[in-house]
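Novice: Chains H and Y, in that order, give the protein sequences. Using our numbering, you'd call the opening residue of the first sequence number 176 and step up by one each time. Using our numbering, you'd call the opening residue of the second sequence number 693 and step up by one each time.
Hints in this document: simulated from the structure, not taken from any laboratory. In this text, all values refer to a predicted model and were calculated from it rather than measured experimentally. Backbone N, C-alpha and C define an ideal beta-carbon position, used for all residues, glycine too. Not one of these hints is a red herring.
Covered by chain H, per the in silico footprint, the following chain Y stretches (three or more residues, Cβ under 8 Å):
#	region
1	714-723
2	736-742
3	797-810
4	834-848
5	1028-1037
6	1055-1062
With a Cα cut of at most 20 Å, we get these calculated EDC-like pairs of lysine to aspartate or glutamate:
#	chain 1	residue 1	chain 2	residue 2
7	Y	Lys981	Y	Glu970
8	H	Lys528	H	Glu233
9	Y	Lys844	Y	Glu939
10	Y	Lys841	H	Glu233
11	H	Lys222	H	Glu233
12	Y	Lys841	H	Glu535
13	Y	Lys844	Y	Asp854
14	Y	Lys712	H	Glu396
15	Y	Lys735	Y	Glu1052
A partial selection of chain H residues facing chain Y, derived with a Cβ cut-off under 8 Å:
#	residue
16	Met426
17	Arg541
18	Val547
19	Trp552
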Amino acid sequence: MANIDNVLPPLTERSTILRWLRKNLFGSWLDSLLTVVGLLIVYWAVKGFLTWAFTVAEWRVISANLRLLMIGQYPIEQVGRLWLWLAFLAFLAGNSFGIWARRSWLAVGVLALPAVLALVFPFEGSARNWLLALTVIGAAGWLGGWTKPEVLKRSVIVGWVIALPVIILLTHGFSESTTGFWTVARTNLWGGLLLTFLLTVVAILFSFPLGVLLALGRRSELPVVRWFSVLYIELVRGVPLITILFMAQLMLPLFLPQGMTIDRVLRAMVGITLFSAAYLAENVRGGLQAIPKGQYEAAQALGLSGAQTMIFIILPQALRLVIPILVGQFIAVFKDTALVAIVGLLDLVGIAKTVLAQPEFLGLQREVYVFVSLVYWVLSYGMSYLSQRLEERLGVGKR
Amino acid sequence: MQRETSQTTIPFWRDERVLKVLGQIAFVVLVFIFFSFIFQNMKAGLAKQGITLSLNFIRGVSGFDIAETLFPYDRSSTYLQAYQIGLLNTLLVSVVGIFFATILGVILGVARLSTNFIINRLAAFYLELIRNLSLLVFLIFWYLGVFLKLPKVKEAIIWPGDIFLSNRGVGIPWGIPTASFPTFRLILLFGFFLALAVFFSLRAYSQRTGRAPLTLLWTFLTFVVVALLGWVILPEKPLMIDLPRVEGLRLTGGKILTPEFMALTSGLTLYTAAFIGEVVRAGIQSVSKGQVEAARALGLNGFQTLRLVVFPQALRVIVPPLTSQYLNLIKNSSLAISVGYPDVFYVSNTIQNQTGRAVEMIGMVMLTYLAFSLITSLLMNWYNKKIRLVER
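Here chain Y stands alone, though its shape is the one from the complex:
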């Protein structure tokens, strides 16, 4: 029977399988035509301006200064070096921003769920206030309206702990490495490995016995104790504390954080923290009340309930949206250009203005951010998988 019906097969122009292949071929052809049209136009347009696409220009001498650099750089460096400096600045802002935004966000999320009326309302007010603002306006306000409006250097506000606030920057105490610093670095390295050893042995212990020791706390304490011992034992202090001070018309000593850096990191932190706060709140609320009650019934105290029951379950809900908030922070750090902080986008914009290489520079910047996004989401996916293993 099968054979007989196959005699009267449907014609190929009505065969779904053939149609699907044809449809895809047509789609590819259309997309190809569209992009080659665009590309031809672009080539013709660039040829008219006397430009051919190439990346050779990045070896040229940049000839411009960058206000803030983590590594030595001057105007005789190449464009590529300038780009790398910008890249490092973006990384710096992102890491600092993510660190503080996470802490503040967790505090806000917990405060939002507090039974204390005042704390609860304060957190809610903050979240509503920030989440309905435009980040760009927020950053500009923070820069022009706060950090540049601080008093002049001579009248700088001095906070306890020798923190100088002035319109030329914020000075904080900072350590200057002395002769014994290399030894101290070795000690720190030793402490790091010792802490790792403690971490793994405690985890093995927990898996063997089913008990749940305070792994992270002990790991951290090990590191701190080793570092402190090193600090005390060494004959010369490894770091000399350098306090900021006013010298004539400028701040010197310590570490001077520019208004641009401060505005960008504090703006990004405060803004992203509000979104992280919402994520944390939703995560904690997703753990059903019965879980807490059951934990209490088993005799766990408040802290144990949080650590052993609520948090592991909340984390699973929190991590995916938290990842996207981290990614948002990294991408939003490109708004540095609005406050004049030389991140990778700002630097690439300068390079592009100098060389006229718009296509190449935009391509490079986009690839850079894509790489950031990809790495972050890979890391977080890996972490997400790890905490999922807790599940049955």
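If we strip away everything but chain H, and leave its shape as in the complex, we get:
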């Protein structure tokens, strides 16, 4: 897609501004009409939005509740733990950029982002300092990765592998005492963007292997396994996510043996994981189907067993082919996590409702939901932009 846009047409005539205008805006009377109507729409929309945003909208609802929107009711004494894992992630990201994407403006942009946010938005003092620190730590990681790539390569990979357990452990805490830095923060206190992020990451990481297994199952030679996979995939894809989330909330506790409980955040995670696994399975199957039969035969001729063929020959190629589609699916998962607000969790959307319930902020729905939309938009767009750039660099899908 991007490539088509990048290809310039051959220059056949001298292009001047007037010629360009004539060609692109006023080619015929219909074209001119469309241009005028389009310009009117742009003028009306931009003027309307800007007038609203700068004169009518009361943005104090956002600045006063920024903390609530970001982390919900997560205890104040333990917020440092969240900054710790953010710093860990910033360091890893800096390291990875330093090793694999040295001279890239993208890396600079990503690493500078926390500092820019800190300077642009009205964060509290400690949050601002932490954000600035994130950029410094990221830059340090970058320098480290730049100077000693061979030494750090292995540890960075290990770092990414243990990232999720570290995040969960730090967010949850482990001390049973009632006060102190390491006190357990119950999942009902997780909220805002933090909860959205955790739901997304957990769902992506667990649904991926499940999806690959289902995709392999769907192409299996064993009819029972195949039919089971087909049934699961089609069943899940045929119903809306919200029914699966309700099922997870209401029926999952019933499925467990007596005395065993499962908290509501975990139930939502299970629901989203099971849901997105079915969609991922279909995406992976697309990749598997694109691998020519010769690859299987060559692997067999080399004496690889069925499992070895899959793991070393087929899957690496198939997954590589579908990386763009997988990223799209991951973004969809991120957007879909908003639905947990309907089952009563306080993610970014759920917490927006509680913000609007405060008496001093009644009637400011537009401001709050524009802000929430903006967060979703920036993160989704950022993810797809980042992955496109990375794909270009790595030459994904072009081999």
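Given the structure of chain H, go ahead and fit chain Y onto it with the hints provided.
Specialist: This is chain Y only, laid out in the frame that chain H set:
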């Protein structure tokens, strides 16, 4: 030789055929154990709450009201009737949404490919804007931030064509059937069959001669002409146009579309249209430029090129992803619960809160949506096969 080697057959535990059967048996046993474990737990848990699984409760009196119903319903109706009302509301939203999303999506897809810079950029901006939003947030914004923020009934905005916009709903002109309406319905039926006849004869003509008449246009025109003739000929107008008006503190007359319905359908339409736009754009781009140039070289004009060369080929690429967008719209209509529109999911949730029958209701809703999905994909597959026949 064959006989001799068969003496030294491989032992059955290394025979691949046996292993495959054994593997499948083991898989079935494992799955069976897993599900029976879950089922036993569920039964024990439900027994503890004093519930046994059964569907008898749906004959009970519901005792709750539903804000919007296509058919008569009140609180003395049964749960089953409530469920049916919800089902019809889901269907209504889906059909309306699919209709408008298709139109808007095609416009967006074509606009995205326009050579006009402004139109092209506008469409691209819209697609990028919508595709990166969360539908739930979009719907809630549309409901709380747009339709509930419209002025009060007394200060309602009036658009040309007597469309009233207020925070209690959107009023549009609507026809009330008069005494001659049954006759008019017969005329419409006649027009429908006449249009069908025109359709089939034109198609037969096209197959016989190889010409390509504007089949759909003529079919549509036939129907419209018959309907108009009926309207003029009948002594009494079959429909009395009823305009919406403000009466005290509420809107009456015409058809009042509630903010919930408007938010849901417009949100779903605008959201799905962006995805359909991408599908249409990809479909049109998949037709190679040589096809257009060849058509032009043969002397076809712009419209003919589109109708006879580009569209039939683009359609083949468009239909499968379009189906999945339609299915998405139907499934996404379950987000009605976030704006309080009584679709099938919302109603089933109410029933479940009243009766405590979570397992049965979730099962029913899932089966309902599965049926929707199945019917839609069957229809679209059938259509897909039909347009494939064009191929050699």
